[in-house]
Amino acid sequence: MRQSLLVSNELSIETHQAIRHVSHVLDLCNNRSDLLSINSRSASGISTFQLDQNQKVAIKSIEGILRRFLSLQRDSTNCRIHSHTLDELLDLICQCSNYRIIPSLSCLETMWTLQQEVHENQMVEQSERYLRKKLSRKHVGRSIRLLNNWIQWSQKKTSNLKLPNPEYVACVFRAAKEIGMSMTTNMWALYQQQYTIQPEVIPLDQFSTVLSILSESPSCWKEKQVLVLKQVEGIFRARNDSSVSQWIPELETALEAASAAGLSHDATWLYNLLNDNHCSDGPKLQRYLELWIQSIYNDNDMEGSLLYLENVLLRSDSNILSRLRDRRFYNKYLEKLSRSGMVDAGERAEVFFMEWQHQAELFVSSTRDEWCPDKESIRYVALAYLQSDSSREAQLSAVRRFLLKHQIEQ
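Heads up, the sequence shown is in this note's numbering, so the first residue is 1 and it goes up one at a time.
One or more of the hints may lead you astray.
Said to hold, decoys possible - Across the chosen pairs, the derived CB separations fall in these ranges:
hint : residue 1 : residue 2 : range
1    : Arg67     : Ala238    : 22 to 32 Å
2    : Arg400    : Thr185    : 52 to 62 Å
3    : Gln192    : Lys375    : 24 to 34 Å
4    : Gln53     : Glu109    : 20 to 30 Å
5    : Thr184    : Asp344    : 40 to 50 Å
6    : Asn272    : Asp344    : 22 to 32 Å
7    : Val201    : Lys156    : 14 to 24 Å
8    : Gly180    : Asp91     : 21 to 31 Å
9    : Leu404    : Pro203    : 20 to 30 Å
10   : Glu393    : Lys230    : 17 to 27 Å
11   : Glu117    : Thr184    : 19 to 29 Å
12   : Gln155    : Asp344    : 37 to 47 Å
Hints are computed from structural coordinates only; laboratory data are not their basis.
Ideal Cβ placement from N, Cα and C applies to all residues, glycine included.
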């Protein structure tokens with residue numbers, strides 16, 4: 001134990017000294033006025049050369065420090081690299097950005113590998129969930145910071161850096177989702193920068209993961225959810241139809257996120273796609289329908305979605321009929337219809353009520369049960385008539401006609 005502490009202390013001292021020296025070199029790179037103190041062309045040429053040399057020295061020094069730590073992390077059982085050390089190392093890399101110095105790809109990749117391995121080792125050591133979650137949040141935050149700088153560097157004309165593999169970014173977003181992080185401005189900027197640069201190579205699971213994080217973020221992010229869903233649609237429609245089956249889990253995740261966000265209208269294409277690819281799988285179809293219906297309950301602008309749902313619910317489909325005795329969905333639909341403000345909401349509610357009752361009677365006949373519409377569904381149909389733009393007398397007349405027609409006690 002004492003040996004471990006000695007190694008850690010020595011490493012900490014060595015770290016501070018190395019970082020201080022490299023920071024000094026970076027300061028020299030930035031302080032052109034000192035280098036250009038002699039006002040002559042020849043001196044300027046020498047200063048420019050010296051500036052380039054300092055930049056190279058700084059980058060090589062950072063590479064050396066990172067490789068040293070990575071080697072210690074992998075080879076020494078007594079060495080423990082703490083997260084605050086990683087923060088200092090990342091500060092050093094980001095200092096390059098402040099001074100318009102582009103670090104090498106080796107710097108960035110080594111930093112990524114180092115912080116990932118340190119994180120994984122500490123995750124094993126920490127037993128309490130609170131500490132593990134706190135550590136993970138810090139890990140994700142550092143990853144986002146590193147990747148944001150990486151993408152900014154890759155956009156510079158003088159940079160030879162390639163954009164990080166989209167899997168790097170997907171890994172960060174998956175980690176954020178696992179620990180329940182809401183979307184932050186930096187995370188959104190990272191996603192947007194990556195999408196703007198190379199949307200065609202972003203894996204679909206990254207889209208669905210971002211949607212999931214957004215669905216758990218504040219409501220002010222809803223417009224961003226719509227944007228991501230449209231991006232998913234655009235990217236996916238450009239793919240070959242034969243690839244649908246391999247992306248089913250990601251598409252299901254996207255539908256769940258859209259449902260939580262109340263994006264029924266924007267997710268209709270997604271529901272149809274999943275529905276078409278599971279036409280013989282009753283439980284799957286049930287699940288997709290439940291998710292899509294749930295999105296209507298959360299959606300403020302629901303008129304188009306309600307009309308679409310009406311057609312779905314009243315189709316002659318055995319998989320749909322298996323849900324007919326669950327009045328929850330049908331009464332919720334009638335409730336939304338009664339509050340939709342549609343001019344013909346009353347007529348639509350009654351037609352739906354009649355068709356629902358007819359299909360339900362056929363369905364329960366084989367079980368010898370008796371079917372009676374409950375008071376809740378009747379009340380919603382009446383409310384739908386009362387919400388029309390007709391006169392009060394016409395509204396009440398329509399309600400009475402409905403009750404008499406279906407032999408319901410007033």
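Results of checking the hints against the structure:
no., hint, in the structure
1, Arg67 with Ala238: 22 to 32 Å, "violated, 41 Å"
2, Arg400 with Thr185: 52 to 62 Å, "holds, 57 Å"
3, Gln192 with Lys375: 24 to 34 Å, "violated, 50 Å"
4, Gln53 with Glu109: 20 to 30 Å, "holds, 24 Å"
5, Thr184 with Asp344: 40 to 50 Å, "holds, 45 Å"
6, Asn272 with Asp344: 22 to 32 Å, "holds, 25 Å"
7, Val201 with Lys156: 14 to 24 Å, "holds, 20 Å"
8, Gly180 with Asp91: 21 to 31 Å, "holds, 27 Å"
9, Leu404 with Pro203: 20 to 30 Å, "violated, 60 Å"
10, Glu393 with Lys230: 17 to 27 Å, "violated, 46 Å"
11, Glu117 with Thr184: 19 to 29 Å, "holds, 24 Å"
12, Gln155 with Asp344: 37 to 47 Å, "violated, 53 Å"
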